[in-house]
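Engineer: Letter by letter, the chains look like this.
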Amino acid sequence: MEQLTNLVISDRELGTISAVLTKLMNDTNATSTMLLDKSGQVVVVHGSGIKRNATTLGALLAGVFSSSREVAKLLNEKDFRNIFQQGVQENIYTSMVEEQWLLVIIFDKLTHIGLVKVLSKKASDELGRILERVRNDTTRAKSSVLNLQFRSSVEDTIDLLFRD
Amino acid sequence: MALINIATHEIHCKIVYYGIGYCGKTTNLQHVYKSINPHARGDMLSIATETERTLFFDFLPLDLGTVYGFRTRFHLYTVPGQILYERTRLAVLNGADGIVFVVDSQREKFEENIQSLVELEMNMRRIGKDLGSFPFVLQWNKRDLPSAAPVPVLDHYMNRRRVPTFEAVASQGRGVFATLRAISKTVMAQL
Numbered sequence: 001m002e003q004l005t006n007l008v009i010s011d012r013e014l015g016t017i018s019a020v021l022t023k024l025m026n027d028t029n030a031t032s033t034m035l036l037d038k039s040g041q042v043v044v045v046h047g048s049g050i051k052r053n054a055t056t057l058g059a060l061l062a063g064v065f066s067s068s069r070e071v072a073k074l075l076n077e078k079d080f081r082n083i084f085q086q087g088v089q090e091n092i093y094t095s096m097v098e099e100q101w102l103l104v105i106i107f108d109k110l111t112h113i114g115l116v117k118v119l120s121k122k123a124s125d126e127l128g129r130i131l132e133r134v135r136n137d138t139t140r141a142k143s144s145v146l147n148l149q150f151r152s153s154v155e156d157t158i159d160l161l162f163r164d
Numbered sequence: 001m002a003l004i005n006i007a008t009h010e011i012h013c014k015i016v017y018y019g020i021g022y023c024g025k026t027t028n029l030q031h032v033y034k035s036i037n038p039h040a041r042g043d044m045l046s047i048a049t050e051t052e053r054t055l056f057f058d059f060l061p062l063d064l065g066t067v068y069g070f071r072t073r074f075h076l077y078t079v080p081g082q083i084l085y086e087r088t089r090l091a092v093l094n095g096a097d098g099i100v101f102v103v104d105s106q107r108e109k110f111e112e113n114i115q116s117l118v119e120l121e122m123n124m125r126r127i128g129k130d131l132g133s134f135p136f137v138l139q140w141n142k143r144d145l146p147s148a149a150p151v152p153v154l155d156h157y158m159n160r161r162r163v164p165t166f167e168a169v170a171s172q173g174r175g176v177f178a179t180l181r182a183i184s185k186t187v188m189a190q191l
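Residue numbers (the working numbering), protein chains in the order written: chain A, 1 to 164; chain B, 1 to 191.
Derived by calculation from the structure, the hints in this document are not laboratory data.
In this text, all values refer to a predicted model and were calculated from it rather than measured experimentally.
For glycine and all other residues, C-beta sits at the position ideal for the given N, C-alpha and C.
Treat the hints with caution; some may be incorrect.
Quick look at which bits of chain A chain B covers, simulated, 3 or more residues with Cβ under 8 angstroms [as the list claims (entries may be wrong)]: (1) 51-59; (2) 79-91.
Only part of the chain A face toward chain B is listed, based on derived beta-carbon distances under 7 angstroms [as the list claims (entries may be wrong)]: (3) 7; (4) 14; (5) 16; (6) 37; (7) 38; (8) 139; (9) 143; (10) 145.
Turn these sequences into a full structure, and let the hints steer you where they fit.
Structural biologist: Structure below.
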């Protein structure tokens with residue numbers, strides 16, 4: 001399947017995504033939740049503990065997920081849809097949303113994994129519906145952002161910053 | 001895939017440095033990290049073996065600051081170059097918006113470079129992309145070495161798509177930013 005070149009997330013959809021993540025965090029009593037693009041870029045992050053490291057966490061978790069998909073293929077599986085990383089204090093549960101996004105929940109020993117699995121499945125379904133709308137809106141929304149002034153301005157910034 | 005977040009006024013793009021083992025992909029990122037304004041970069045992350053060969057990827061987030069109201073960020077990645085890690089390269093390529101193919105100019109590396117380029121084309125097809133219409137530049141690295149093949153020869157065999165090329169000595173920083181400027185602009189132009 002041809003991938004989209006980019007994905008544009010509007011104010012309204014970001015608000016809806018945030019609400020889904022906040023509800024998931026509250027219902028599971030998780031310490032943090034994140035929504036990542038499969039390329040590792042952070043769409044939304046909730047939970048104060050990880051905000052500072054969110055960019056690096058995003059790159060690493062997406063890398064782990066992407067790597068696990070290749071492992072799945074070697075085992076003739078289509079993919080592994082969920083990954084559970086268990087620590088002494090903190091655990092991470094990552095699940096795929098419609099081949100495009102990764103839903104990440106970070107929780108401690110007070111939360112049971114079963115609850116996380118069930119509620120993250122529910123949240124993934126909702127996020128999948130939002131993603132569908134985002135995909136449909138992308139072309140229209142993109143033209144409002146990437147206008148001529150932006151393009152010329154970004155070229156000047158690249159010249160200014162990326163130099164010896 | 002670039003992510004444009006209208007609500008938070010952010011644009012994120014992913015650029016991947018591809019090429020054979022020891023061609024200088026990590027060295028490119030290290031030079032950018034060392035030389036760029038510290039305010040414009042985050043921490044560089046390397047997942048390497050004990051002998052400092054890239055095991056999974058290197059990662060360097062760059063922040064261009066606010067451009068016309070949008071905070072613009074580039075995330076630079078390298079793939080592990082060793083033949084063994086083909087599947088890992090595919091994993092890192094996922095979601096890329098632009099590719100820099102770093103060529104080790106030494107004559108004895110010629111065939112290995114070609115094989116890696118063929119592998120890249122195949123991997124792009126696997127993730128549903130056509131390298132021919134994708135933001136893509138070539139860097140002829142290690143131009144200072146006596147065994148470096150002439151640029152026209154490299155160009156003839158490795159640049160049949162006629163994409164922009166840059167001579168470089170990444171270990172001295174030569175050509176590193178010229179390459180980065182070119183791929184960044186190409187990525188933005190194709191958004």
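Engineer: Any hints this thing doesn't respect? Which numbers, in order?
Structural biologist: 2, 5, 8 and 9
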